[in-house]
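Residue numbers (my numbering), protein chains in the order written: chain A, 267 to 623; chain B, 12 to 610.
Hints are computed from structural coordinates only; laboratory data are not their basis. Treat each hint with caution, since some may be false.
DSSO-like, lysine-lysine: derived pairs with alpha carbons at most 27 Å apart [said to hold, decoys possible]:
#1 B/K48 <-> A/K315
#2 B/K546 <-> A/K308
#3 B/K587 <-> B/K603
#4 B/K226 <-> B/K603
#5 A/K387 <-> B/K590
#6 B/K554 <-> A/K387
#7 A/K308 <-> B/K591
#8 A/K396 <-> B/K591
#9 A/K308 <-> B/K606
#10 A/K387 <-> B/K390
#11 A/K387 <-> B/K591
#12 A/K308 <-> B/K554
#13 B/K226 <-> B/K574
#14 A/K379 <-> B/K390
#15 B/K574 <-> A/K387
#16 B/K603 <-> A/K387
#17 A/K387 <-> B/K587
#18 A/K379 <-> B/K606
#19 B/K591 <-> B/K554
#20 B/K554 <-> B/K48
#21 B/K546 <-> A/K379
#22 A/K379 <-> B/K591
Computed Cβ-Cβ distance ranges for the label pairs, DEER-style [to be verified]:
#23 A/D478 <-> B/M263: 25 to 35 Å
#24 A/D478 <-> B/F85: 52 to 62 Å
#25 A/E427 <-> B/F165: 47 to 57 Å
Owing to the predicted nature of the structure, the values given are computational and were not obtained by experimental measurement. Think of the CB as a built atom: it goes at the ideal place given N, C-alpha and C, for glycine as much as any other residue.
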Amino acid sequence: MTILLSILAVTLLAISVWQITKIFEISNLGAKKDDSQVASEKDNDLQGKLMFAFLVFIYLVTIYSFASYTKVLLPESASEHGYTYDKLFLISFLLIFFVQTVTQALLHYFAYKYRGINGRKASFITHNNKLELVWTVIPAIVLFVLILYGMTTWSDIMNFEEDEDALVVELYAAQWNWKARYAGDDNVLGDANVRFLNDFDGRNLVGIDSSDPNGLDDVVVTQEFHLPINRKVIFKIRSQDVLHSAYMPHFRAQMNAVPGMITEFSFTPTKTTAEMRLNPEVVSKVNRINKIRYDNSQELIAKGEEALDPYQFDYLLLCAKICGSSHYNMQMKIVVESEKDFNKWLNDQNTFSEVIQ
Amino acid sequence: MSIAVNNNVDNHDDHHHHKETFITKWIFSTDHKMIAKQYFVTGVIVMGIIGVLMSLLFRIQLAWPEESFSVFSFFLGDRWAPDGVMDPNIYLALVTIHGTIMVFFVLTAGLSGTFSNLLIPLQIGARDMASGFLNMLAYWLFFISSAIMVASLFVEAGPAAAGWTIYPPLSALPQAQPGSGAGMTLWLVSMAFFIASSLLGSLNYIVTVLNLRTKGMTMFRLPLTIWAFFVTAIIGVISFPVLLSAALLLIMDRSFGTSFFLSDIFVQGEVLHYQGGSPVLFEHLFWFLGHPEVYIVLLPALGITSEIIATNARKPIFGYRAMVASILAIAFLSTIVWGHHMFVTGMNPFLGSVFTFTTLLIAIPSAVKAFNYIATLWKGNLQLNPAMLFSIGLVSTFITGGLTGIILGDSALDINVHDTYFVVAHFHLVMGISALYGLFAGVYHWFPRLYGRMMNKTLGYVHFWITAIGAYGIFFPMHFIGMAGLPRRYYTNTAFPYFDDLADINVLITVFALITGLAQLIFLYNFIHSMYFGKKAEKNPWKSNTLEWTAPVEHIHGNWPGKIPEVHRWAYDYSKPGKKEDFVPQSTPIAKGEKITEH
Chain A
267 MTILLSILAV TLLAISVWQI TKIFEISNLG AKKDDSQVAS EKDNDLQGKL
317 MFAFLVFIYL VTIYSFASYT KVLLPESASE HGYTYDKLFL ISFLLIFFVQ
367 TVTQALLHYF AYKYRGINGR KASFITHNNK LELVWTVIPA IVLFVLILYG
417 MTTWSDIMNF EEDEDALVVE LYAAQWNWKA RYAGDDNVLG DANVRFLNDF
467 DGRNLVGIDS SDPNGLDDVV VTQEFHLPIN RKVIFKIRSQ DVLHSAYMPH
517 FRAQMNAVPG MITEFSFTPT KTTAEMRLNP EVVSKVNRIN KIRYDNSQEL
567 IAKGEEALDP YQFDYLLLCA KICGSSHYNM QMKIVVESEK DFNKWLNDQN
617 TFSEVIQ
Chain B
12 MSIAVNNNVD NHDDHHHHKE TFITKWIFST DHKMIAKQYF VTGVIVMGII
62 GVLMSLLFRI QLAWPEESFS VFSFFLGDRW APDGVMDPNI YLALVTIHGT
112 IMVFFVLTAG LSGTFSNLLI PLQIGARDMA SGFLNMLAYW LFFISSAIMV
162 ASLFVEAGPA AAGWTIYPPL SALPQAQPGS GAGMTLWLVS MAFFIASSLL
212 GSLNYIVTVL NLRTKGMTMF RLPLTIWAFF VTAIIGVISF PVLLSAALLL
262 IMDRSFGTSF FLSDIFVQGE VLHYQGGSPV LFEHLFWFLG HPEVYIVLLP
312 ALGITSEIIA TNARKPIFGY RAMVASILAI AFLSTIVWGH HMFVTGMNPF
362 LGSVFTFTTL LIAIPSAVKA FNYIATLWKG NLQLNPAMLF SIGLVSTFIT
412 GGLTGIILGD SALDINVHDT YFVVAHFHLV MGISALYGLF AGVYHWFPRL
462 YGRMMNKTLG YVHFWITAIG AYGIFFPMHF IGMAGLPRRY YTNTAFPYFD
512 DLADINVLIT VFALITGLAQ LIFLYNFIHS MYFGKKAEKN PWKSNTLEWT
562 APVEHIHGNW PGKIPEVHRW AYDYSKPGKK EDFVPQSTPI AKGEKITEH
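Excised from the complex, chain A in its bound form (with noise of 0.2 Å):
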């Protein structure tokens, strides 16, 4: 039946469409005999006014889209690293924010401006090199002087030291979920391979080597992993089938997970959980996310459902790399605390030695 509505919807579309070029073309034929498919002078003065209306169409887009959907972005950095990559997007987004303005201005008031006229001709400027000179090196400088910051903004990310007192977490990436790996005491995770993963009926989660002194250690964490706060974290990123991607947006943090290859990131984390849930930009967002979510629930309570729990803001991990069904559910908790807590969560959970025994 559906289907029969959707044929019909379609067809009546097509007799609409079909019907209104009729009337274009009666209306035509009464105005004048005029059927030339060329613009003809009125088609350039309506199409060159449309253009500027356009134009203020593109700076009304631009402008509703970044009064409404401002508070949706992301909140400041949770990062040390972040606020310098903030402040990197921030010139940047202004200095296209600027170009796109000045563009797009230029080239659809030029086409309501120069709307051809019958008889007038067109000025003759084949090219000006001076002008010319001026558009190459402008963009030039300025992509430069982008160029340079970007790439020493890049590197001081990407090479980061490996210090005795930064924590090392391993990501460990399969479908569809994440697990992290603290090296323990010793601050070394033991080596490890997919080949151990069937050992011990499936609870050597991560494949550690378990011959390998240094894994004995090793605590291996699923849902949730804690990071604390003010301590460099180097992230060694695995993954056991296909690509995936840990994201961290909140930290802007990313890298891919590769199988056969560790890959790694590193970030500090500079605001704890705690400390997030109480920044204004999050709790706004956190408060509009729940109202969404009472609305819905109060139709799904209406239809019988089970209501939504109420939202409340954490951390994420995420899956950025297209890995398989339900790459859109592959999510981690993390939570920033301070040290001491930190600890305190460490050593209640249980050591690699501790699952196989």
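Assemble the complex: chain A is given as a structure, and chain B must be docked to it using the hints.
What follows is chain B alone, placed relative to chain A:
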């Protein structure tokens, strides 16, 4: 049959002796004009409808996730949409095939195939392509490739679903994803045919442009369309073979147990034997084509735009030589920037710096092009035909989409927007929408050359304005959901309450997508209707300078009866002072006392 057309033979009457059968004229034609039409119908119309329809289906899912829709049941069947609810695997397959079809079939073969074929011989003054037979072969290989790709949609376990970039191991292991079985095999076979077709086509274009230019048509008198098609063909010849090698190695890994891209894999409770390969190698090979591919898609559209903007502004293109130089610069740079797709793949960070440097350099020739288009409009006498509107629209989306490339091309900034909707918005505007606008502009402009009739301008205007508003309506808000941290290729965003407040934006985007998608029916109707009932075209309806408008409206073998016109000037003598008309065709000899335009 004109397997090799001898350009020096002016008298072309001998062609009348060939008796054309239905098969040689309509199916296995070696005439470039017929092959252009064949590419358009197969690549743009048939594959285009499939590709756009898929995007509408997954947009509906994204706006109203996991709800039941009868269109899903209708198109996907009970297997992939039980009770009208879309299955996550088919969602990924739709995203994958949408990307594949739009990038390769519509915007590479459809766009280049149609306009390089139609315009290269006609604009350089040649009787046909250098090899009509190879040209025909290229089309038929493309046809086979399309047929295989469409067939892959009906495979039991579903079509390829690893993303259009088909990164292994996901694409290599049927255990990891059902689409990586027979669906992926067909995808790879289809692409092998596609690449063969593309190479034959490109070689033919290059040889034709180099060897078959008419008397007086020097390289610097070529219209910018031809420069764009010529350089595009060169990039294709350089980069497509690398994709073929990647595909072959992937086939080896999938079917013959090699380990080029695979290592240390545990899937479905089983340790696989693969040792020592690296998926990152595949990414390098893929993007060595993948990035030039962006320009293979975009340059022809920019070439078309250059021609249409100059003609309709009634003004020479501003900075012809700078335009040629920027096409060449873009082409060169496009082959050394592929690593910017791989900043966070675990590639050495030093390489990230190198690729940031080369990538941001591309902004310079791109800016030159954009400024030159704007300068061409300045003090023109703009004839705002539908083709002209689409060309101006292209410049607009090229700027909007190109600018965000400054963020994505910067390795440091890429970290947090990589693989989010920010990327999706960026590349759809800068290469998807821009190239489609170039395609539409080309069709409106050269329809009289293709079918000897005019397209309806009112419908053209309606088509443009709905599309223009829709394109910004879809992709402008999309940047924001990307900057909010939402990764792409998520079947639904409901698994993360954190993204709940993006739901409204997704509905808005989908509504715009549905309107814009349906508006393309106006174009389709206009195209088919005008083919049969459009107003008969004059020989040179847009008062253009280029050679294709000197040929008779009816298509004849060999393009011109009698002699091929000689060329005496560049293609952009519009509104030249001292001339009565505001255009001077390239075939018009320099008048007594007339100064040759320096350009």
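Going through the hints against the structure:
1. B/K48 <-> A/K315: Roughly 35 Å between the alpha carbons, so the hint for B/K48 and A/K315 is violated.
2. B/K546 <-> A/K308: holds, 20 Å
3. B/K587 <-> B/K603: holds, 15 Å
4. B/K226 <-> B/K603: Distance ~20 Å between B/K226 and B/K603 Cα, so the pair holds.
5. A/K387 <-> B/K590: holds, 11 Å
6. B/K554 <-> A/K387: Distance ~14 Å between B/K554 and A/K387 Cα, so the pair holds.
7. A/K308 <-> B/K591: holds, 23 Å
8. A/K396 <-> B/K591: Roughly 30 Å between the alpha carbons, so the hint for A/K396 and B/K591 is violated.
9. A/K308 <-> B/K606: violated, 35 Å
10. A/K387 <-> B/K390: holds, 9 Å
11. A/K387 <-> B/K591: Judged against 27 Å, a Cα distance of about 10 Å means the pair holds.
12. A/K308 <-> B/K554: holds, 18 Å
13. B/K226 <-> B/K574: holds, 11 Å
14. A/K379 <-> B/K390: Answer holds: A/K379 to B/K390 is near 8 Å, not above 27 Å.
15. B/K574 <-> A/K387: Roughly 33 Å between the alpha carbons, so the hint for B/K574 and A/K387 is violated.
16. B/K603 <-> A/K387: holds, 22 Å
17. A/K387 <-> B/K587: holds, 9 Å
18. A/K379 <-> B/K606: violated, 30 Å
19. B/K591 <-> B/K554: holds, 13 Å
20. B/K554 <-> B/K48: holds, 23 Å
21. B/K546 <-> A/K379: Roughly 30 Å separates the two Cα atoms, so the pair is violated.
22. A/K379 <-> B/K591: Distance ~24 Å between A/K379 and B/K591 Cα, so the pair holds.
23. A/D478 <-> B/M263: 25 to 35 Å: Because 34 Å falls inside the window, the suggested range holds.
24. A/D478 <-> B/F85: 52 to 62 Å: holds, 57 Å
25. A/E427 <-> B/F165: 47 to 57 Å: holds, 55 Å
Taken one by one, the earlier hints fail for this structure at numbers 1, 8, 9, 15, 18, 21, listed in ascending order.
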